[in-house]
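First residue of the sequence shown? That's 10 in the numbering used here, and the numbers climb one at a time after it.
DMTMM-like cross-link-like pairs, simulated, lysine to aspartate or glutamate; straight-line CA separation at most 25 Å:
#, residue 1, residue 2
1, 263, 171
2, 263, 176
3, 175, 187
4, 263, 165
5, 175, 161
6, 263, 163
7, 263, 161
8, 263, 158
9, 175, 165
10, 263, 186
11, 175, 259
12, 175, 163
13, 175, 186
14, 175, 262
15, 175, 269
16, 263, 187
Using C-beta positions, here's what the derived DEER-type ranges look like:
#, residue 1, residue 2, range
17, 183, 113, 52 to 60 Å
18, 195, 259, 42 to 50 Å
19, 295, 32, 30 to 38 Å
20, 16, 44, 40 to 48 Å
21, 38, 151, 52 to 60 Å
22, 66, 108, 20 to 28 Å
23, 136, 259, 51 to 59 Å
24, 123, 39, 21 to 29 Å
25, 194, 43, 50 to 58 Å
26, 158, 183, 15 to 23 Å
27, 24, 58, 17 to 25 Å
Rather than coming from a laboratory, the hints here were simulated on the basis of the structure. Owing to the predicted nature of the structure, the values given are computational and were not obtained by experimental measurement. Ideal placement from N, C-alpha and C gives every residue a C-beta, glycine not left out.
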Amino acid sequence: MHASFLSYRNFFYLKIALGLTGVAVLAYALHNPTEPPNGGTWLGYTLGTVGAALIGWLAWFGVRKRRYHDTQNRLAAWLSAHVYLGTTLVIITTLHSGFQLGWNVHSIAYVLTLLVVASGFYGLYAYVTYPRLLTANRGGVTRDALIAEVAELDRECLMLSDQVGKDAHQVVLHSIEETVLGGSVWDQLFGDPARRAAAASVSEGLDVVKQRIEARIARGAPEVRQVAEQDATAISFLAGHMLVEGAGPERLEKIRRLFDLISRKRALVERIQRDIQYQSRLAFWLYLHVPLSVGLLAALFAHIFSVFFYW
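Modelling step: build the complete structure from the supplied sequences, incorporating the hints.
Written out as structure tokens, the structure is:
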């Protein structure tokens, strides 16, 4: 889809945008006003009118794209025009201002224009990137199904920890209670899913500890306290306290199975965290783009009103 709207009709709207930009730049280069270039010259008014019309038309796209009866082809056309003409708007408004900026409502409108276009570029990046990452991360499974699988693993971990001992049950129960999917806004947008999954599953250093325990199983002489001392992690603490009571091969095997379950849960929690992060980043640009667009429309109205009624 993203390739189709960017190259819609053999880059039809890109050609229009380049033509409009070329005409504006040429007119600005040939224009020779008696005063420094600014929005008050005939060219400034012309470019300002074109810019205002583009802003209004581009804002209308936000309403237009929510008409679900429109065909996919029509939406691709609107989106292509939105991207290329929105980029042209930066040139048009810059030339309209004549590079004359100050602390006034006119400059506020110009700055908001730049911010809206910049947020639109982020939206384009998000639209092209994150749906693909979401699909790959989910692997054909819904988020609800992944969460249900985590709940099932929690149940299995509790049942197995009951067979190992009271301390094991308490630690696993604490791990389940501390598992928080999503987290703060910052975590959802910029957090490290792998780190959050490791902390939630009490599985830091899990692979190293598991290998050492397996080695001790093979030798038939597990040095439990050494495991706990050499690996200052939550999982090694769990391993040490589960084994210190004295364990034979059967108990050690249950511990290893418990580690396997925790490891699987960690991987699932990480996938869910990534799913939440990709979804949040995909939605975030609208929470940025839409308020900025509304602010731009308000600033544009104030800009036009002040020009015609106070100048």
